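Number of protein chains: 2
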Amino acid sequence: MALDGHVIAVCGGVGGAKLAFGLARTLEPGRLTIVCNTGDDFEHLGLHVSPDIDTVVYTLSELSDRERGWGLAGETWNFMDQIRRFGGADWFNLGDRDLAMHVQRTQRLAAGERLTTITAALAGALGIAHRLLPMSDDPVRTCVATDAGDLPFQEYFVRARCEPRVRSIRFEGAAQARISPELSETLARRDIGAVIICPSNPYLSIDPILAVPGLREGLAATGAPVVAVSPIVGGEAIKGPTAKLMRELAVDPSGVSVARHYRGLLDGLIIDHVDAAEAAKLEAEGLAALVTGTVMQSDEDRIRLAREALAFAGRLKGAR
Amino acid sequence: MALDGHVIAVCGGVGGAKLAFGLARTLEPGRLTIVCNTGDDFEHLGLHVSPDIDTVVYTLSELSDRERGWGLAGETWNFMDQIRRFGGADWFNLGDRDLAMHVQRTQRLAAGERLTTITAALAGALGIAHRLLPMSDDPVRTCVATDAGDLPFQEYFVRARCEPRVRSIRFEGAAQARISPELSETLARRDIGAVIICPSNPYLSIDPILAVPGLREGLAATGAPVVAVSPIVGGEAIKGPTAKLMRELAVDPSGVSVARHYRGLLDGLIIDHVDAAEAAKLEAEGLAALVTGTVMQSDEDRIRLAREALAFAGRLKGAR
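Residue numbers (the numbering used here), protein chains in the order written: chain B, 1 to 320; chain A, 1001 to 1320.
Next up, chain B with everything else stripped away, as it sits in the complex (with noise of 0.2 Å):
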């Protein structure tokens, strides 16, 4: 069953980039919007980087150096060359190439500009037709209270290489935070045909985004089906920390797990098929299973599963 409507992706970095590129080759322009976590955003250097942002810009531009996994290809590195003669911290690394997009940001953003604004015109420039909104104009800043202590998120994800324990997970600011103009008319839209949850970390990347007042509940209001992707293969993450995250809140990194995480939103899960005797637990629970391969290697795995993911929910659309 083919879907209808539009469709509503939520999404993180590089795992969620990944679907929301095959989303992105699969739905016209007019037929996607994808919201994206903005949690990991901070200043470095004086300049404003939104980590996930430009991971999904970089991606669905085709800009994205896909051997190292984030950053642009083809990326220079003299200028953070030079700020170690300086001292500089470099403990984050900004490209040549990549600079451009924080410099043009934070310009912006000083002049009063909203991100979701700057977000959609430096994603125009480089191509991307789709919409992409941050979750929130407003900042929301994830910090992970670990073994060594509190850590803004980058200073845990990049600069500890997820490596201390992780305790408890908050998000600076989310109380405050508003949803932003566009997304809200997104989320009133009568034609919501799906909402997709990407295969991002379901407490690093995704639940800063639900933990925009109002944003899980207009979600759920939109009442088209919601289908996860679990991050999950195997009882590991494909990539970063989620299953050691996982286990470090005594959670069993598992398929189920991450549909316990969504439980109230979600009715679908898509399982790797190395996971499929969990489809009768999910189903047990109440929830849709599909077992398909959700390891996204090449643009072809990319844009099979968003197809997948988009005829599961038109499925799970179908038969209410």
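These aren't lab readings, by the way, just hints derived from the structure by calculation.
Predicted model, so just to flag it, every value in this text is computed and none were measured.
We put the beta carbon where it would ideally sit given N, CA and C, even for glycine.
Hints should not be assumed to be uniformly reliable.
Which residues of chain A face chain B? A few of them, derived with a C-beta cut under 8 Å, are [said to hold, decoys possible]: (1) 1078; (2) 1086; (3) 1087; (4) 1088; (5) 1096; (6) 1100; (7) 1104; (8) 1106; (9) 1110; (10) 1112.
Since the structure of chain B is already known, use the hints to place chain A on it.
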């Protein structure tokens, strides 16, 4: 006669930096203070750029690109390339390595640090042991009134390539600008042996310095001989718009005109061999003249001219 005491060099960008280099290779760090023009400073892409300070820093640290005449040797331009993709302002080139300077300076200014201490730290990090002081920590902005309208300095100098006809020049903020504590201390020293006005543009590079209230008087009050190197050779500037500008201001481009411009402050002028005929005119106006080679192509030229300037000042001091 060898010159004793501390030397204050007053300079702008490229031409002045060459003599500053010669002075720095001639005098121990404790014997030289370079006072640099900041009237060219501007905000570009949200970054605070101090072109004359940067030129002096890169020249003294031997990191400058001697062929191009500005910026760093071995520079790359990927940031600018990406800025262009975003449709950002690309009329003022910022190299990838050079960016580190502007980003560090901007960040430290935003944190409330003074340009003087920032300059000392950044220059020190690049190995500069001599003291380099901005003319003021307060913003002074050179503005050029032209037949194409009022232009901020860099819009005139870089964007419009000095093509518009200049009517007058003003230094916005100069009346409110204060001499920094560090520069005040230097001016108050009792052992100043010479003040050297480097061969920078008198109107665009030296005048903004002298426009800071108390600075011109402070230089005069040191009691040391004030010696300038003429930036005009054979009726033309070695580099830049000095001669064109003088003609537009109805001033004959000559050493005599430069000397008259500095009247009341200057004790002696150094002119090139090709202008030897002007020596008598200068002496007739009560100024000492030194005729020598003033075109600095090699490091040896720079050091020789610096030594000659110091010896010239020493003779003027001895003759008092």
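To see whether the hints hold, each was checked on the structure:
1. For residue 1078/A, the interface hint holds, since its Cβ comes within 8 Å of a Cβ in chain B; the closest pair sits about 4 Å apart.
2. Restraint check, residue 1086/A versus chain B: the minimum CB separation of about 5 Å is within 8 Å; hint holds.
3. For residue 1087/A, the interface hint holds, since its Cβ comes within 8 Å of a Cβ in chain B; the closest pair sits about 6 Å apart.
4. About 6 Å separates the beta-carbon of residue 1088/A from the nearest beta-carbon of chain B, less than 8 Å, and the hint is met.
5. The interface hint given for residue 1096/A is met, as the beta carbon of that residue sits about 4 Å from the closest beta carbon of chain B, less than 8 Å.
6. Checking residue 1100/A against chain B: minimum C-beta separation of about 4 Å stays under 8 Å; hint holds.
7. The interface hint given for residue 1104/A is met, as the beta carbon of that residue sits about 5 Å from the closest beta carbon of chain B, less than 8 Å.
8. Taking 8 Å as the C-beta cut-off, the interface hint given for residue 1106/A holds, the closest approach to chain B being about 5 Å.
9. Nearest Cβ of chain B to the Cβ of residue 1110/A: about 6 Å, under the 8 Å cut. The hint holds.
10. For residue 1112/A, the interface hint is violated, the least distance from its beta-carbon to any beta-carbon of chain B being 13 Å, above 8 Å.
Hint 10 from the earlier list is the only one contradicted by this structure; the remaining hints agree with it.
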